[in-house]
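First to last, the sequence lines map onto chains A and B.
Just so we're on the same page, the numbering used here is the position in the first sequence counted from 1, plus 11.
Just so we're on the same page, the numbering used here is the position in the second sequence counted from 1, plus 411.
Certain hints may be false.
According to the in silico footprint, chain A covers these stretches of chain B (three or more CB under 8 Å from chain A) [said to hold, decoys possible]:
{"id": "1", "region": "434 to 443"}
{"id": "2", "region": "452 to 466"}
{"id": "3", "region": "705 to 718"}
Once the Cα atoms are required to be at most 25 Å apart in a straight line, the calculated PhoX-like pairs of lysine-lysine come out as [claimed, not checked]:
{"id": "4", "chain 1": "B", "residue 1": "K480", "chain 2": "A", "residue 2": "K91"}
{"id": "5", "chain 1": "A", "residue 1": "K107", "chain 2": "B", "residue 2": "K451"}
{"id": "6", "chain 1": "A", "residue 1": "K91", "chain 2": "B", "residue 2": "K498"}
Don't read these hints as lab results, they were simulated from the structure.
Predicted model, so just to flag it, every value in this text is computed and none were measured.
Where a beta carbon is used, it is the ideal one built from N, C-alpha and C, also for glycine.
Now for the letters of each chain:
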Amino acid sequence: MEKQVILNKRHFELTVNRLCYQLIESHNDFSNTVLIGLQPRGVNVVARLKSQLEKILGKEVVCGNLDITFYRDDFRRREKPLIPSTTNIDFVIENKNVVLVDDVLFTGRTIRAGLDALLAFGRPNKVELLTLIDRRFNRDLPIQADYIGESVDSLSSERVSVEWKEIEGEDKVVLYTPESNE
Amino acid sequence: MNNLSVDHLIGIKDLTREDIELIFSTADSFKEVINRPIKKVPSLRDITIANLFFENSTRTRLSFELAEKRLSADVVNFSAASSSVKKGETLIDTVNNILSMKVDMVVMRHPNPGAAKFLSERIGAKVVNAGDGTHEHPTQALLDAFSIRENLGSVEGKKVVIVGDILHSRVALSNIYCLQKLGAEVMVCGPTTLIPKYISELGVKVEHNLRKALEWCDVANMLRIQLERQEIKYFPSLREYSMQFGLNKELLDSLPKEIVVMHPGPINRGVEITSDVADSKQSIILQQVENGVAIRMAVIYLLASKIER
């Protein structure tokens, strides 16, 4: 397995900062905007954006976590059952501007399920998509992100992993290539 | 460990502690789902489930049906009273006919102990036991333990007394297995005639004095007197039973600590439990019913994920 660092610690921080300012550009003071992280890994992105945005804006930014397990399209197509994570949305989505957040946008299937799951909480005014990493040219569905941290060209056999200092010990994004592709 | 060790839910006896914990953690997610504005998820869109009720039921049948519909499964209902069973059709024939209509899972309640196991050995569909005679009622035990976990934080180390007609109760047997697997201490309490002779071999304490039992426990599960299963008289009168084994407010308030009161329903108000106890804040009877839907969604979801395409 060959490793290639796409974003190092410094770039990671710059990217998150830029995304925050891009969000502020279109959502002003976040009075009618909520961030929703897709379980499991989108939640980490939301947590980081939230703390950074609150530092910049000096006010609370409303955030939630959404689990999409029951909306996935691969139920019974896998060996193991799909085990859900927690959903934590304790506010009303009706008429809100929602930014769905995930760490890696790949086939687009997770986002499709996320959009379905989101509608169970009401009718948002507008939904946008933010992704830290966009794996271009790998989409199975016609879904594109509105805010992109970094675009990556990769083969579908490769794996992109976003690592966090809270979990893995360091902020970075790594591209893993299996031996057979070398 | 993230798959059930069984292919059917026949009884708690077959489950491991990990199975029960997996069902609980899945039910946590479903409990959140059924409190959303839109209480439905599309997971089981391509699954058809038959509810076969050869015995009367309100709560369990509604609860299963609701659980199935909230998972988006297609549901067919069958009750023995209005079917060809009355014309002499056997269980296997009835079920095979229903399965020919391409049903993936069967939820069955039957008056004969072992009916669910019998069925599971002979058909291709997944079987969920919704009560087989006096044998087991696994989803009830799961929702009872789930409710205890919700109210007291965990089941491990808790003391639970099951009061009433232990002899005819499938809820009692399933509860004993379930609570013990989760590390609780279990006591049964009732008139000698309604306690099976060798029940202590299951590792439960036996007590014939309700006050002593209640002073010992953290949770009291008051069972219904199953008059429909009693062919002979097991106690002189309902009035006498109620005086000795009925839970009233006076008794509840005189206990040294606040206990949790449960009842699997349907309640005979004034017999095993008085109205003021059933409606008191210590009673979690309606919470049990709500949890019933979440638990059944979890069981159906986990079993359905084992259906081969």
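Coverage criterion applied to the region 452 to 466 of chain B (partner chain A; beta-carbon cut 8 Å; 3 residues): Satisfied; 5 residues make the cut.
Outcome, coverage hint (the region 705 to 718 of chain B, chain A; C-beta under 8 Å; three residues): holds (count 6)
Chain A over the region 434 to 443 of chain B, status - at least 3 residues with CB closer than 8 Å: Per the Cβ count (5), the hint holds.
Satisfaction of hint between A/K91 and B/K480, Cα-Cα up to 25 Å: Status holds; Cα separation ~23 Å.
Pair hint A/K107 and B/K451, alpha-carbon separation not exceeding 25 Å: 22 Å, holds
Pair hint A/K91 and B/K498, alpha-carbon separation not exceeding 25 Å: 43 Å, violated
When each numbered hint is compared with the structure, a violation occurs for hint 6 only.
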